[in-house]
Amino acid sequence: MKIKRFSYLIKSIGMVFLSLACVFGVQAKLRIVTSIFPLEEFAAAVVGERGDVSCLLPPGAEIHSWKPRPSDIVRLSGADLFIYNGAGLEPWMEDILRSLNRPRMKTLDAAAGMREFHAGHGHEGHGHGDIDPHVWLDFEYDQILVDRILDLVVELDPQGADGYRLRAAAYKAELADLDEFYRESLKSARGKTFIFGGHAAFGYLAERYGLRQMSLYGLSPNARPKPKQMAGITDFARKNNVKVIFFEQFVSPELARVIADEVGAEIRVLYPGANRTAAQVRERVSFLQLMRMNLENLCHGLIRE
Amino acid sequence: MGNMSFLTLIDPFIRYGFLQRALLAGLFIAVACAVLGVFLVLRGESMIGHGLAHTAFAGVALGLLLDMFPLGIALAVAIMAALLISRIKEGSGLSGDTGIAIFSSVGFALGIVIASLARGFNVDLFAYLFGEILAISPLEVWLSVSLALVVLMTIFLFYSRLVYMTFDRESARASGIRVDRLDALLTVLTAVTVVLGMKVVGIILVSALVVLPAAAGLQVASNFKKALMFAVLNATMSVGLGLLLSYHLDIPASGAVVLLSFLFFGILFVLRKARIFRSF
Chain A
1 MKIKRFSYLI KSIGMVFLSL ACVFGVQAKL RIVTSIFPLE EFAAAVVGER GDVSCLLPPG
61 AEIHSWKPRP SDIVRLSGAD LFIYNGAGLE PWMEDILRSL NRPRMKTLDA AAGMREFHAG
121 HGHEGHGHGD IDPHVWLDFE YDQILVDRIL DLVVELDPQG ADGYRLRAAA YKAELADLDE
181 FYRESLKSAR GKTFIFGGHA AFGYLAERYG LRQMSLYGLS PNARPKPKQM AGITDFARKN
241 NVKVIFFEQF VSPELARVIA DEVGAEIRVL YPGANRTAAQ VRERVSFLQL MRMNLENLCH
301 GLIRE
Chain B
306 MGNMSFLTLI DPFIRYGFLQ RALLAGLFIA VACAVLGVFL VLRGESMIGH GLAHTAFAGV
366 ALGLLLDMFP LGIALAVAIM AALLISRIKE GSGLSGDTGI AIFSSVGFAL GIVIASLARG
426 FNVDLFAYLF GEILAISPLE VWLSVSLALV VLMTIFLFYS RLVYMTFDRE SARASGIRVD
486 RLDALLTVLT AVTVVLGMKV VGIILVSALV VLPAAAGLQV ASNFKKALMF AVLNATMSVG
546 LGLLLSYHLD IPASGAVVLL SFLFFGILFV LRKARIFRSF
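Taken in sequence, the protein lines are chains A and B. Take the first sequence: its position 254, counting from 1, is numbered 254 in this note's numbering, and each next residue is one higher. Going from the second sequence to this note's numbering is simple: count from 1 and add 305.
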């Protein structure tokens, strides 16, 4: 209730400024808000200097256990386009969109096309039930996402269409390169399995390149792993003489380390990519770079069963 | 055959270091909790473990925020709270559990605020709230063992004075025993025990390890020493069997341990009511 009234206030203030801007002929930049970092990078790659793209998730936060604060709602209430991941990754989203009550704000549900995409690639669809929300970890799907962002942005700002198209094409080429690089590097890899002491974020990636992800947590890191699961993974690691146990950025490496100590392995990081640390933001580490670092680490720790 | 199935039951505790560490730390903490619990329950301070654990939550959150050993900071915070609680009890004229009530909620509130500042470690915080027997480090095992030894030695050294004070505080004071110092000692030991117990059964349930075995022991024992022994027996059996059950049934260790302890308490309670044995 309070948020709603608050958002009305913000909106009316926003309207005043907007009309002033129109009167004085100020070219307003396209304002795009995204929920997670990869979507921010995709949107920024498309709009370039013609838009302001910002990400709700603050540096260092873990998306599954993060909730927006009042200042984030204010930011959303001024957005022309809100790009979110969907598939349950942002459980707070529906309530907030409802309370914002801005039917004319464009929204994009990134995971919405995943089921069809997946089915179209000869994978048996998961049918009903929840889909894995980690769609940004499929680099071909990411190219589709860039196209969908492009369509919306062109619709909002037709004058900049040419530039948007050029930039989108350039970024899609980079994604295609990344995809090709993964495929090439992993084709020659002798092992196919990796043990991940984080949550099962890399399902799409694993499927795409024929890998097997053995993760300690399920689709969200909020449910604690069970002792038997730890024991099972420890047995597997012992039997296959595993040298690397991966841990997840933003999830405590404690359990990965326990398994690693148990079997005499080392631990290495994998980035789910949904967010960056404050240091990575300062160093402007890109999503594409994170994914390349993942590949390098992965290649050190693939297990041949 | 019976032997075989017993072996399969305990086999995981032989094969996996993390389960061994959980068992070892759990058993020693259980002993410390049970011994302290008997004194605390008789003093009418059953809630102090609960209060100190909640205060320690602030320390855990701070430790995670600063990325420093959370258990160490929790320990410091809990000891400070313990001293303040005994100070409030002595100095303010408020009844015994008021200080506990104040500090447990203030500590928890502080923890929530600190957690919201960092925004990144909610998952790790859960491990402390509900216990995480899978991630007990060798250091934590050593801390638990030494703590249990310190508790037992302290109780042994001050035994008669502590018992005297527990049953008749005023006479103990009149006879020249520094009851306020003994209070502080007991509370600080409880703080340390509770903080170490947090990792095994979690902040929310650790006070059960202090209260339930002691209450069970006091149901049936004819004297103080037997109450202590029964409490230790209940606590160690609950932790040992609780961890076994937790592993084989895939249920949370904290819940299994506390429910078992309650089961033992219930059995003794019923037996006593039925006058099957009045006292041991």
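A portion of the hints provided could be inaccurate.
Covered by chain B, according to a simulated footprint, are these stretches of chain A (three or more residues, beta-carbon under 8 Å) [as the list claims (entries may be wrong)]:
#1 71-81
#2 230-241
#3 279-293
Taking CB as the label site, the calculated pair distances span [unchecked claim]:
#4 A/130 <-> B/310: 34 to 42 Å
#5 B/373 <-> A/289: 24 to 32 Å
#6 A/120 <-> B/410: 49 to 57 Å
Calculated from the structure, these hints are not laboratory results. All C-beta atoms in this analysis are idealised placements derived from N, C-alpha and C, irrespective of residue type, glycine included.
(message) Name the hints, by number, that the structure is in violation of.
(response) Violated: hints 1 and 3.
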